[in-house]
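Engineer: End of the sequence shown = 289 in our numbering, gap-free, step of one.
It cannot be assumed that every hint is accurate.
16 Å max Cα-Cα, derived EDC-like pairs, lysine to aspartate or glutamate [to be verified]:
(1) K286 to D260
(2) K286 to E228
(3) K165 to D150
(4) K231 to E85
(5) K170 to E140
(6) K216 to E29
(7) K26 to D43
(8) K89 to D150
(9) K19 to D36
(10) K92 to D113
(11) K46 to D121
(12) K108 to D150
(13) K14 to D43
(14) K166 to D150
(15) K249 to D113
(16) K165 to D125
(17) K207 to D150
(18) K108 to E85
No lab work stands behind these hints: they were computed from the structure. Since the model is a prediction, treat every value here as computed from it, not as a measurement.
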Amino acid sequence: MNVCNLCGSNDLKLLFVKSSVNLMKCRECGLVFIDPRPTLADLKKYYTENYYFATDSVTGGYDNYLADKENLLKTFTKRISFIENYIKPGKMLDVGCAFGFSLIAAKNRGWDVCGIELSDFASDIAKKQGFNIFSGTIEESPFQNGYFDCITMWDLLEHTIDPKKELLKTNQLMKNGGILTLSTPDVSSFLEKITGRHWLGYQSPKQHLFYFSPKSISHLLKNTGFEVTKIFHIGKFCSLSFIIQRLKYYNLTLAKPLDFTVKFLSLENFTIYVNPFDTLGVIAKKIK
């Protein structure tokens, strides 16, 4: 990739190399991305059962996506409730819907839901729950243009081969004035600044292909027919064992005593809402 996906500039800076992949930054707009990028076929091979039941989620994927269902449902319910400050329940499409937990949360709040999922393994699970799921990419999807009131992309855009093309197609599928909501790692966050190349956002290069800041995501949305309504940092519900796993990754001294205490009190599965302020939440409206 010799040019920036966002602004087309070839004035690029090498930040560092990880797992034989270059992490590049555009000097013009600040977009960060990996080079070379995997192909769509590569991604389909990556997002298999092993991704959702990984041996080490710190380096990519999930420890056990299914076992985390309740936390994910609470997270999605909180997020969808927030969306309803901007639009009343209507037709919703979740792109990158995985097992369909976001669809369950939205349906329970009165939304008419559909999903798109690249992973055949994940989409099969979502289909078995009775949802209308397209297995593939949004560009290939059969949904009618101008159909959806709201489209969500939870931790999705950074995984796509061409974010600009992804959002242009998203725009086509939405009604005028419809709401797009997404979350994505914040490459300009304080946590990234103090941890550098060890930031958890810089996981396996096969997983995160692009990294956005408030500036670059705003630029991208403007160029694809959206007006940004709100940008903020978004959190999620996590078990204490998950939080301790992350603290251990960063070698924080409190991790070991906290781990001992949590295990002693059998609180590994106790859940709290956590916001490390390194994930962007974005609300945007289709304006053209």
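Engineer: Give a verdict on every hint.
Structural biologist: Now for the hints, and whether the structure bears them out:
1. In summary, the hint linking K286 to D260 is not supported, as the alpha carbons are separated by about 43 Å, beyond the 16 Å threshold.
2. A threshold of 16 Å between alpha carbons decides the hint, and for K286 with E228 the separation of about 5 Å falls inside it, so the pair holds.
3. Proposed proximity of K165 and D150 is contradicted: the alpha carbons are some 20 Å apart, above 16 Å.
4. Of the supplied pair hints, the one linking K231 and E85 holds, its CA atoms being roughly 14 Å apart against a limit of 16 Å.
5. For the suggested pair K170 and E140, the alpha carbons sit about 6 Å apart, so the restraint of at most 16 Å is met.
6. Taking the CA atoms of K216 and E29, the gap is near 11 Å; set against the 16 Å cutoff, the hint holds.
7. A hinted pair counts as satisfied when its Cα atoms are at most 16 Å apart, and K26 with D43 does not qualify at roughly 23 Å.
8. Between K89 and D150 the alpha-carbon distance is near 9 Å, which keeps this suggested pair within the 16 Å criterion.
9. For the hint pairing K19 with D36, the CA-to-CA distance comes to about 11 Å; that is within 16 Å, so the pair holds.
10. Distance restraint check for K92 and D113: the Cα-Cα separation of roughly 5 Å lies within the 16 Å cut-off, and the hinted pair is therefore satisfied.
11. Proposed proximity of K46 and D121 is supported: the alpha carbons are some 10 Å apart, at most 16 Å.
12. Taking the CA atoms of K108 and D150, the gap is about 14 Å. The hint holds against a cut of 16 Å.
13. Only pairs whose Cα atoms come within 16 Å are accepted, and K14 paired with D43 is rejected, the gap being roughly 25 Å.
14. As the CA atoms of K166 and D150 are separated by approximately 20 Å, the hinted pair breaks the 16 Å bound.
15. Taken as a hint, the K249 and D113 pair is broken in the structure, with Cα atoms around 41 Å apart against an allowance of 16 Å.
16. Simply put, K165 and D125 have alpha-carbon atoms about 27 Å apart, too far for the 16 Å limit, and the pair is violated.
17. The hinted pair formed by K207 and D150 fails the criterion: a straight-line CA distance of about 32 Å is larger than 16 Å.
18. For the hint linking K108 to E85, the alpha-carbon distance of about 13 Å falls within 16 Å, and the restraint holds.
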